[in-house]
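Given the structure of chain A, go ahead and fit chain B onto it with the hints provided.
Protein chains: 2
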Amino acid sequence: MPKKSRLNRLPGDAYSPQIHARLWLIGTDQKSYLGVGKVRLMELISELGSISQAAKTLNMSYKRAWTLIEEVNQIGPKPYVIKEVGGSGGGHANLTEAGLHAIAQYRELEKEFTVFIAQRTQNISL
Amino acid sequence: MPKKSRLNRLPGDAYSPQIHARLWLIGTDQKSYLGVGKVRLMELISELGSISQAAKTLNMSYKRAWTLIEEVNQIGPKPYVIKEVGGSGGGHANLTEAGLHAIAQYRELEKEFTVFIAQRTQNISL
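Here the protein sequences come in this chain order: A and B. This note's numbering numbers the first residue of the first sequence as 2 and each following residue consecutively. This note's numbering numbers the first residue of the second sequence as 2 and each following residue consecutively.
Same shape as in the complex, but just chain A (with noise of 0.2 Å):
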């Protein structure tokens, strides 16, 4: 996405129209980070079985969803992503049970979050 297009936009994620927020989890190497860039990509790949469609779904270079992968397959103790070189596809993976796990608690933690703010919400007066 080209920087211009960012200054027209507001900051993060809805999770109310008066409180916006971007949440990510860390890796026990206090390196890596799981944010929801990565989750959506790693859903994709999980329903599309193939790096380049989940991808191209995202506007997003092969090469650079490649290095997103080689930081998620970081995250844990265990890879996220399973990925396959090659092929007519050019190239099919799948999410680990471990990786499966990881977008779970990131989807949870963003349902109770959304629970909070709907309930802080009403008190913003700017």
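Calculated directly from the structure, the hints in this document are not laboratory data. Worth double-checking, as some hints may not be accurate.
The calculated EDC-like cross-link candidates involving lysine to aspartate or glutamate, where the alpha carbons are at most 16 Å apart (straight line), are [stated by the list, open to error]:
1) B/K32 x A/E98
2) A/K84 x A/E72
3) A/K32 x B/D14
4) B/K84 x B/E98
5) B/K84 x B/E71
6) A/K84 x A/E98
Just chain B now, with coordinates in the frame of chain A:
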């Protein structure tokens, strides 16, 4: 801050070792927003009574601080920062009641969020 330095640090602020986040309050115009950067700048202006000293403390250019204050003053129906241009100190400044109320709301949301995160963190295993 140069872009490069961002590559080696974790995103957001550490609300726990396992969960980082960033929060923004959205203005009623659904275009302006108040995040931790603007809050910190406003807090320093309140403490120091000076835009240039607040900017210096944040390693921010005076021009950048002015731009942020212009944005801050669009968030609510009333301005948050009152500026006086010129003078030997390079411009005196103070927060309005609305500005103090806005940063208090941001910090209160953060405080409640910290409690929410503390309750959540024990369950995360990546």
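Next on the checklist: For each hint given before, does the structure comply? Return the numbers of the non-compliant ones in rising order.
Outcome noted: 1
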